[in-house]
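Construct the complete structure from the given sequences, taking the supplied hints into account.
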Amino acid sequence: MDVITQWLDWLPSLGPGLLVSLQLTGLSLLFGFPLGLLFAVMASAKLLPLQWVSFFFVEIGRGLPALVLLYLMYFSLPDAGITLTSFTTAVIALSWNTGAYASEYFRAGLAAVPLGQKEAALTSGLRGWTGFRMIILPQALRISTPPLAGLAVLIFQGSALAFVIAVPELMSKAFEIGSITFEYLSVYVLTAVIYGSLTLVFLGLVRVLEMRLGRHLQRN
Amino acid sequence: MGLSFGTKAPPTALSGEVVVSGLGKSYGAARVLSDVNLSMNEGEVVSIIGPSGAGKSTFLRCLNYLEIPTEGEISIGGAHVVAGGKLPDKASLDHLRRVTGMVFQSFNLFPHLTVMENITLPQRKVLGSSKEQAEEVANKLLKQVGLPDKAKAYPARLSGGQQQRIAIARALALSPKVMLFDEPTSALDPEIGLEVLAVMRDLADEGMTMLVVTHEMHFARDVSNRIMVMGNGGVLEIGPSEQVMSEPQNERTRQFLKAVLDR
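Protein chains in written order, with UniProt numbering: chain A, 1 to 220; chain B, 1 to 263.
Honestly, the hints are just simulated from the structure, not real lab data. None of these values were measured; they are calculated from a predicted model. Hints may contain errors.
[Stated by the list, open to error] Listed below are the simulated DSS-like cross-link pairs for lysine-lysine, each with C-alpha atoms no more than 27 Å apart in a straight line:
1) A:118 to B:258
2) A:118 to B:177
3) B:125 to A:118
4) B:143 to B:177
5) B:86 to A:46
6) B:152 to A:118
7) B:143 to B:125
8) B:177 to B:90
9) A:118 to B:131
10) B:177 to B:125
11) A:46 to B:90
12) B:86 to A:118
Written out as structure tokens, the structure is:
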């Protein structure tokens with residue numbers, strides 16, 4: 001088939017783009033998820049300034065479209081004397097975006113752990129960081145996993161936006177091929193297949209993870 | 001008890017017993033607990049009974065600061081705290097929680113940990129026990145509560161009665177001086193509740209100092225040395241179990257006992 005040979009021809013040049021997309025997504029999640037957890041914990045901190053800082057970063061991160069955030073950082077940072085590669089800029093913007101949304105999912109997860117668990121931890125001498133890490137957090141993470149997985153997918157797909165600041169990721173490679181061959185539809189269909197199939201594989205893996213995380217709750 | 005209330009007792013003289021004096025708690029203008037006094041000798045079992053809303057659980061939870069009392073003093077097993085509407089300093093709070101073991105109405109086992117881990121984790125973190133030491137203690141306690149074969153199970157696999165017995169084992173693992181029970185059988189059907197009461201009875205026989213908020217009148221009468229009746233945030237009366245059950249002095253107590261015994 002014509003299309004298949006065409007696609008096979010393009011794959012070698014799309015491959016590096018996909019790699020960049022995956023790196024961009026991976027790094028954004030790597031920084032964004034812990035950042036989200038930090039924001040979530042700060043949001044319920046006793047110290048008011050911590051709450052404000054959390055509020056500031058979360059509301060901007062959620063309030064602005066990722067595309068706007070990307071552009072703002074790309075054009076403002078050099079003016080502030082900070083010159084970063086477009087890849088680094090994209091990682092920062094998407095990490096912020098990830099952190100802002102993830103904080104809400106972590107917050108929901110933490111709030112869903114029954115108060116009795118905290119009380120049992122306290123009366124068992126597991127207070128402070130130990131109690132949080134050993135008792136509360138594991139239970140919260142299990143609850144937050146499905147929405148966080150959904151967010152990871154959104155960020156993977158959102159990484160295509162980095163195309164606008166010249167990050168050589170999958171979408172920009174596809175555009176490149178399109179502009180040379182004028183087979184725009186064909187190359188974008190291939191790109192869609194790549195994004196879609198990777199997403200499905202990832203969600204399948206998350207399903208397995210969820211089952212593992214919930215194993216202890218099964219009654220038989 | 002040779003201690004009079006109102007004077008500040010030296011903490012060291014109170015080891016192994018409970019002295020609560022003038023304990024009270026208010027939320028703004030709302031007074032939920034007022035002037036509760038209680039002294040217990042080592043090995044004594046006191047049941048706290050009374051209608052809902054009487055402040056029984058609030059009183060019990062003030063003793064390990066799950067609720068923060070606003071006035072009064074608490075001495076338990078060498079830990080001494082003067083209430084002031086906020087958490088005491090870390091050392092006092094740790095000490096207080098260290099000498100008290102708590103059993104909740106809803107068990108509150110850690111669902112993501114096995115039974116063994118539920119019992120060993122506090123020992124390892126609080127006492128610094130090695131894994132082997134902690135497991136040895138846990139196995140002994142599992143035998144004591146009649147569940148030696150459940151070490152590897154997760155709480156969700158256990159019945160309510162089994163979960164509560166594990167919760168008792170978990171609390172005992174830190175060798176508390178006083179065990180606090182907050183309606184330990186209220187979430188269980190009457191038959192299953194018996195297996196938990198049996199474990200508590202054994203514990204009392206072994207000389208554990210116990211304070212039990214309960215609606216189990218037979219347990220209160222047969223196992224506890226004294227019964228404290230609470231109503232409306234205060235103590236209505238306190239006395240030897242037989243006496244409180246058969247000749248209650250307070251009118252409200254009579255009314256309450258009639259309601260629970262005549263059903």
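Cross-check of the supplied hints:
1. The suggested pairing of residue 118 of chain A with residue 258 of chain B is violated, with an alpha-carbon distance near 37 Å, which exceeds 27 Å.
2. A hinted pair counts as satisfied when its Cα atoms are at most 27 Å apart, and residue 118 of chain A with residue 177 of chain B qualifies at roughly 22 Å.
3. The suggested pairing of residue 125 of chain B with residue 118 of chain A holds, with an alpha-carbon distance near 16 Å, which does not exceed 27 Å.
4. Under the criterion of a C-alpha separation no larger than 27 Å, the hint pairing residue 143 of chain B with residue 177 of chain B is consistent with the structure, at around 20 Å.
5. A hinted pair counts as satisfied when its Cα atoms are at most 27 Å apart, and residue 86 of chain B with residue 46 of chain A qualifies at roughly 14 Å.
6. Proposed proximity of residue 152 of chain B and residue 118 of chain A is supported: the alpha carbons are some 23 Å apart, at most 27 Å.
7. A C-alpha spacing of about 23 Å is found between residue 143 of chain B and residue 125 of chain B, which places the hinted pair at or below 27 Å, so the restraint holds.
8. Between residue 177 of chain B and residue 90 of chain B the CA atoms are separated by roughly 19 Å; this keeps the pair inside 27 Å, and the hint holds.
9. At roughly 23 Å between alpha-carbon atoms, residue 118 of chain A and residue 131 of chain B fall within 27 Å of each other, so this suggested pair holds.
10. For the hint linking residue 177 of chain B to residue 125 of chain B, the alpha-carbon distance of about 19 Å falls within 27 Å, and the restraint holds.
11. Distance hint between residue 46 of chain A and residue 90 of chain B is fulfilled; the C-alpha atoms sit about 17 Å from each other, no more than 27 Å.
12. At most 27 Å may separate the alpha-carbon atoms for a hinted pair to count; residue 86 of chain B and residue 118 of chain A meet this at roughly 18 Å.
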